[in-house]
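Start from the sequences and build out the full structure, keeping to the hints where you can.
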Amino acid sequence: MEAMKKYFYIIRNKIFPYVAYLVISGLSSTLKIKILNREIVAGLKRENKKIIYVFWHGRQFLMVYAHRNQELAVMTSLSKDGDLQTGILSKFGYHCVRGSSSRGGMQALREMVRVMRGGRDCGFAVDGPRGPIYKVKPGALFLAQLTGAVLVPVACAAGKARIFEKAWDKYVLPYPFSKAVIIYGVPIPVSRVDDLEAKALEAEKALNEFTEKAEKLLEENL
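Quick note on the working numbering: the sequence shown kicks off at 1 and runs consecutively.
What the hints contain is simulated information worked out from the structure, not anything from laboratory work.
Every residue, glycine too, gets a C-beta built ideally from N, C-alpha and C.
Relax, there's no trap hidden among the hints.
The calculated lysine-lysine pairs, modelled on DSSO-like cross-linking and capped at a C-alpha distance of 27 Å, are: (1) 91 / 80; (2) 205 / 45; (3) 213 / 170; (4) 216 / 179; (5) 137 / 50; (6) 34 / 135; (7) 179 / 34; (8) 45 / 32; (9) 166 / 213; (10) 135 / 205; (11) 166 / 179; (12) 160 / 205; (13) 170 / 216; (14) 135 / 216; (15) 137 / 166; (16) 91 / 14; (17) 160 / 32; (18) 216 / 166; (19) 91 / 170; (20) 170 / 160; (21) 91 / 34.
Computed beta-carbon distance windows for the label pairs: (22) 189 / 166: 36 to 46 Å; (23) 135 / 165: 13 to 23 Å; (24) 189 / 29: 33 to 43 Å; (25) 189 / 110: 17 to 27 Å; (26) 26 / 195: 39 to 49 Å.
Below you can see the structure in the form of structure tokens.
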């Protein structure tokens, strides 16, 4: 029994993440991705600003590939699914901090503050890990307040994709060789005295508007 558990652990946490990494990399390499507003990120980096990239949970596929090997910090849950996600993201060069809004959240937030102060930027699926869909939770806003980082909305869309309608996040998985668009939005500063509810609504509006713009560009064939 112990031997079976050991083999299952190896398959689940070692072999599967590697296979998933190869599949995701292979699929992503076939996509024709157009990235808009790169100069926003370049300008922030020239000014040595800390960045928190915020995006919708169901749109993260393109985000993961576009920001590979940049040593971004990301939060993954303490669940078994989180174990798999950590294994996959680590192979793409992400620094994974374990925790979520429902479990281990405060400890994970403190660790995110520590790694950002150490020089890393981070990525945040702001409606994760369980929704509600397209509603910004306060985690990224707290992190911005504590680190002085700015939020950079990242909208992603794919021309041809499988949309998992039964998933809470309506996950978007692009088909091979399809066109895709990534748009960086105007940075959103969050000071210690800002109304976080108002800032959450500002981030929601930006993400929804730029996602709509990305989808419209694809409809117009770029």
